[in-house]
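Undergrad: Each chain, written out:
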Amino acid sequence: MVLGVARWCLRQCDLGGRRVSGAVLFAILGARLSAQDPSPLSAGYDAEQRGDWPEAAAQYRKALHAGGNTAASVLGLERVFSELNHTDSLLPVLDTVIAQRPKDALFRSVQLRALRMLGRQDDERIAFEHWVRDAPKDPTPYRDYARALLEEGRPQSADSVLDRAQRALGSGREFLVETAQLRATMGLWDASARAWRTVVDSAADLSASSAYALRPTPSASRDKVRAIFLAPPVTLGARRALATVELAWGAANDGWMALSSLRPDSAAIAAWDEFGDAAAAQGDWRTARDAFAAVANASRVQPPALARLAIRAGDAALRAGDAPAALAFTDRALATGIDSGTAARVALPLKIRALAALGRASDADAALRAYAKFADDSARARLARDVAWGYVRSGDIARARTAVAAAGLGDDRELAGWLALYAGDLGAARTALRQADAPTTDLVTALALLARTRADTAAVVGHAFVDLARNDTTAAATQFVAASDVVRDAAPLLLATAARLHTARREDAQAIPLWKRVVEQYADAPEAPEADLEWGRALARGHDVQGALSRWEHLILTYPSSALVPQARREIEAARGSATS
Amino acid sequence: MAAAALARATRVDLWHHGAVPMLLVPMDDDQQNHLKAYGLTYNTLKAGGKGEWLLNYKGGSFLLPDLPEVRRRAALAGVTVAPIADADLEAARGEIASSNMDSIVLEKAPTIAVYSPPKSPPWDDAVTLALNYAEIPFTNVWDEQVIAGDLTKYDWVHLFHEDFTGQFNKLYINSRGAPWFMEQVVRDQDAAKRLGFPTVPALKKGVAEQVRAFVQRGGFLFAMCGATETLDLALAGHDVDIDGPFSDGTPMDPNADAKMDWSRALAFQNAHLETSPLVNAMSDIDGHQANVPSRKQPLGAFTLFSFAAKFDPVASMLVQNHRTVIPDFYGVTTSFTKATLKSANVVLANEEGAPWVKYIHGDSGKGSWTFLGGHDPEDPQHAIGNPATDLSLHPNSPGYRLILNNVLFPAAKKKPLKT
Numbered sequence: 001m002v003l004g005v006a007r008w009c010l011r012q013c014d015l016g017g018r019r020v021s022g023a024v025l026f027a028i029l030g031a032r033l034s035a036q037d038p039s040p041l042s043a044g045y046d047a048e049q050r051g052d053w054p055e056a057a058a059q060y061r062k063a064l065h066a067g068g069n070t071a072a073s074v075l076g077l078e079r080v081f082s083e084l085n086h087t088d089s090l091l092p093v094l095d096t097v098i099a100q101r102p103k104d105a106l107f108r109s110v111q112l113r114a115l116r117m118l119g120r121q122d123d124e125r126i127a128f129e130h131w132v133r134d135a136p137k138d139p140t141p142y143r144d145y146a147r148a149l150l151e152e153g154r155p156q157s158a159d160s161v162l163d164r165a166q167r168a169l170g171s172g173r174e175f176l177v178e179t180a181q182l183r184a185t186m187g188l189w190d191a192s193a194r195a196w197r198t199v200v201d202s203a204a205d206l207s208a209s210s211a212y213a214l215r216p217t218p219s220a221s222r223d224k225v226r227a228i229f230l231a232p233p234v235t236l237g238a239r240r241a242l243a244t245v246e247l248a249w250g251a252a253n254d255g256w257m258a259l260s261s262l263r264p265d266s267a268a269i270a271a272w273d274e275f276g277d278a279a280a281a282q283g284d285w286r287t288a289r290d291a292f293a294a295v296a297n298a299s300r301v302q303p304p305a306l307a308r309l310a311i312r313a314g315d316a317a318l319r320a321g322d323a324p325a326a327l328a329f330t331d332r333a334l335a336t337g338i339d340s341g342t343a344a345r346v347a348l349p350l351k352i353r354a355l356a357a358l359g360r361a362s363d364a365d366a367a368l369r370a371y372a373k374f375a376d377d378s379a380r381a382r383l384a385r386d387v388a389w390g391y392v393r394s395g396d397i398a399r400a401r402t403a404v405a406a407a408g409l410g411d412d413r414e415l416a417g418w419l420a421l422y423a424g425d426l427g428a429a430r431t432a433l434r435q436a437d438a439p440t441t442d443l444v445t446a447l448a449l450l451a452r453t454r455a456d457t458a459a460v461v462g463h464a465f466v467d468l469a470r471n472d473t474t475a476a477a478t479q480f481v482a483a484s485d486v487v488r489d490a491a492p493l494l495l496a497t498a499a500r501l502h503t504a505r506r507e508d509a510q511a512i513p514l515w516k517r518v519v520e521q522y523a524d525a526p527e528a529p530e531a532d533l534e535w536g537r538a539l540a541r542g543h544d545v546q547g548a549l550s551r552w553e554h555l556i557l558t559y560p561s562s563a564l565v566p567q568a569r570r571e572i573e574a575a576r577g578s579a580t581s
Numbered sequence: 001m002a003a004a005a006l007a008r009a010t011r012v013d014l015w016h017h018g019a020v021p022m023l024l025v026p027m028d029d030d031q032q033n034h035l036k037a038y039g040l041t042y043n044t045l046k047a048g049g050k051g052e053w054l055l056n057y058k059g060g061s062f063l064l065p066d067l068p069e070v071r072r073r074a075a076l077a078g079v080t081v082a083p084i085a086d087a088d089l090e091a092a093r094g095e096i097a098s099s100n101m102d103s104i105v106l107e108k109a110p111t112i113a114v115y116s117p118p119k120s121p122p123w124d125d126a127v128t129l130a131l132n133y134a135e136i137p138f139t140n141v142w143d144e145q146v147i148a149g150d151l152t153k154y155d156w157v158h159l160f161h162e163d164f165t166g167q168f169n170k171l172y173i174n175s176r177g178a179p180w181f182m183e184q185v186v187r188d189q190d191a192a193k194r195l196g197f198p199t200v201p202a203l204k205k206g207v208a209e210q211v212r213a214f215v216q217r218g219g220f221l222f223a224m225c226g227a228t229e230t231l232d233l234a235l236a237g238h239d240v241d242i243d244g245p246f247s248d249g250t251p252m253d254p255n256a257d258a259k260m261d262w263s264r265a266l267a268f269q270n271a272h273l274e275t276s277p278l279v280n281a282m283s284d285i286d287g288h289q290a291n292v293p294s295r296k297q298p299l300g301a302f303t304l305f306s307f308a309a310k311f312d313p314v315a316s317m318l319v320q321n322h323r324t325v326i327p328d329f330y331g332v333t334t335s336f337t338k339a340t341l342k343s344a345n346v347v348l349a350n351e352e353g354a355p356w357v358k359y360i361h362g363d364s365g366k367g368s369w370t371f372l373g374g375h376d377p378e379d380p381q382h383a384i385g386n387p388a389t390d391l392s393l394h395p396n397s398p399g400y401r402l403i404l405n406n407v408l409f410p411a412a413k414k415k416p417l418k419t
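Here the protein sequences come in this chain order: F and Y. Just so we're aligned: 10 in this note's numbering is position 10 of the first sequence, and the numbers increase by one with no gaps anywhere. Just so we're aligned: 357 in this note's numbering is position 357 of the second sequence, and the numbers increase by one with no gaps anywhere.
Do not rely on the hints blindly, as some may be mistaken.
One-sided excerpt, in silico: chain F residues whose CB lies under 7 Å from chain Y [claimed, not checked]:
id: 1; residue: R154
id: 2; residue: L334
id: 3; residue: A335
id: 4; residue: I556
id: 5; residue: L557
The following residues of chain F were derived to be distant from chain Y, with all beta-carbon distances above 10 Å [stated by the list, open to error]:
id: 6; residue: E129
id: 7; residue: S157
id: 8; residue: G187
id: 9; residue: L188
id: 10; residue: A191
id: 11; residue: S202
id: 12; residue: R300
id: 13; residue: Q302
id: 14; residue: R569
id: 15; residue: E573
By construction, these hints were calculated from the structure, which means they are not laboratory data. Everything numeric in this text was worked out from a predicted model, so none of it was measured. Ideal Cβ positions, reconstructed from N, Cα and C, are used throughout, including at glycine.
Hey, can you work out the whole structure from these sequences and the hints?
TA: In structure tokens form, the structure reads like this:
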């Protein structure tokens, strides 16, 4: 509880802009804890700890009258009165204390807080005026009051206060942070960015605050913000601020581009490391890979640490689908003289997964054999599964089956289902995959197909899914189109699947004829509205706006109850907007 | 082709007697997209068709000819329409005849101009948004076109958020360093010079006079936000220096208040000018004073008045809605204090118990004007730099309906107006 009180104090004091005061309070509380004296202040803390607010108030009042630690007594009363909803009772106390110590910023801040809490804006303004009168050269009253006004949602009043402060004190540098926050609150994004740029150039630790303030910048204003932070000179604070805000805008790669041009000193490397973690936390593994790779490449650290960095970069690369980089980083980690424990626990499994992902199943298999003695059963089974997938990716379904059998994975229904599907045994795949529980895109596609057709065998379908597993989407699309002539009861689904693969690769010229076939030959199929929508999108990407509009209109008029109608309407709105701009 | 077919079919007067099947466009809660329903109606008229506005019937529904092209447009826009059988239509007409309802024939799509700067400032314009969303075509005009007399080409003119006193909405107080503001000042000063006016206030007063003449000649004027208040200040202060030094280099005439000629104004009288160039208000016309912290009033909700449809068709048209109480929204001018209203004005909506009203209408010369306070009905706290409101997220907005009522109101077939 005492620690909780201390945290509360720190938070309150931070709101007032003085962490130092918070630290002083910690010291006070620390001293109290060690001394265990029975003073009224101490009794007040104890009562507060028990939640006996009236008693705590009485003790703090007693402490205040006794002299001694006035600050702690007043802050205690502020907390307790707040709990009792008697904040107005604090005001006469503050009047007395302020009369005795008119230049003490702590009590003035408490007074502004209390008046704000009570909603007495006019009195708050008067209190501020008195503070300025008593401490005319002190920037604190302007800063505290401007912050209070910002918190109250009165940015224009805050602007007036800061403007007045600048005139009274002859410089705006004292208030750069407040000015920057103010401009952001007012929606003056480039003005805010300019002010933040000045702040973070000299105080890099405020880059997180600037990113937080600039996060709501609308899309149209973001390029201006970017230009301000990217302008020379290149500073750590500016680049870190921009990188953080880019992450928040969902543009992690742009953030990394901003950060990566820093000279690789220890502060920059720490920033890269931190950014990599943030990108990874957002699931942007490609950017995380780049950041971790840069850290690993730039660090002049000793082998164990270097190995850890390389493994982290390798892991991010693998999650990003970049198996070659994953393998390279893993090999680098293993080449650093990594300890056997880390090698067995982390590096080798990563290497096996990377090899399997590359379709180098034999190498993965060999590595697994070498590693097997270090691994427990579950880790071994997991990696054996990866190896089996490696064989699939290399197109060797027979070896994949052997690997599954050798690893004792015969009970793995999902794996068995996939292998059956690859062999074109749709009946067996239908039974086995129904129980799969990892809803990957490929699995959803497979289940949709198996539910749609009554066919029990179709080799060409197996070939299509093998190509898909090998990440050869062009070949997979060709096979799906071929399969549509064989598995006729699922023809529109197979054509749509092929078209989706082309669309994902931005191969609109290949996708359009397929969408067209679905719309024209299978108008009653569930895929037809999607085909219309995507056909239109493909035409729009090719700048055929009229053609696109006719597709979307066709969708709306032909399939009025389709769930895609709102999307088609949005597309029409967007296309008309772009046509007139 | 389709439009021509529509025109041929609806030009036959027989449709009004039941020979042409009709579509009902309900405007109560059955309607999926109220805003686009106005566009559907407008574009049907534009294609040569006729329609009817059934005042107070199902939220102010429309009757349109049941033609494939109308159905197609409704489906594309997501507007709810329902074919209405002759017997049902007769029953509806009976209900309309015996209740506080009326049927107004809509026969001509008005030509529309929006007074809007060539390069948009960092705030949106609710009318432009509504027209674009409803797919109602319009033309942008600015100072050059207005001074050249181009307003005669249009039936209906909307005034964008503009300060006709020429004081740049007093945005120099807070935004003097903003690039968009500096650009606006230079643009307006250039325009004044090019068009032969000594100052920006003189130019804007010249524009205000053209707008007034447009109304006098029979035009329909619709203004929102600061354009309402400043238009009248510019008209009443035509021969008075009502501007601070930022705009014309000279201080305001100390006796400006007394010299105002309110007989020249459309809606307001006896208002008092804000004399301080550092207070972001123009006068005491606005009840909310959103940009003056010490005077700012909180937002409430305003209530649309109910009018006798058969006797006050104009006022009735302007308040057709599926809601009667609408949340208020701020603007440079949010509301109009009752004490400054001319007695001939028709108050269309007010906030109960408040000393201000929200929505007013009146006649002037052969034309009429309608003023709606506030900036954006779906963005009550609208601030500079905020992104434009996406109306596809507010297809049933009752506040935006008020704007679109105004667009269709000039389409009504002229008949003796009692208002």
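Undergrad: For each hint, tell me whether it holds in the structure or not.
TA: Now for the hints, and whether the structure bears them out:
no.	hint	verdict
1	R154	6 Å, holds
2	L334	51 Å, violated
3	A335	52 Å, violated
4	I556	5 Å, holds
5	L557	5 Å, holds
6	E129	14 Å, holds
7	S157	5 Å, violated
8	G187	3 Å, violated
9	L188	6 Å, violated
10	A191	7 Å, violated
11	S202	22 Å, holds
12	R300	45 Å, holds
13	Q302	51 Å, holds
14	R569	6 Å, violated
15	E573	6 Å, violated
Hints 2, 3, 7, 8, 9, 10, 14 and 15 from the list above are not met by this structure, while the remaining hints are.
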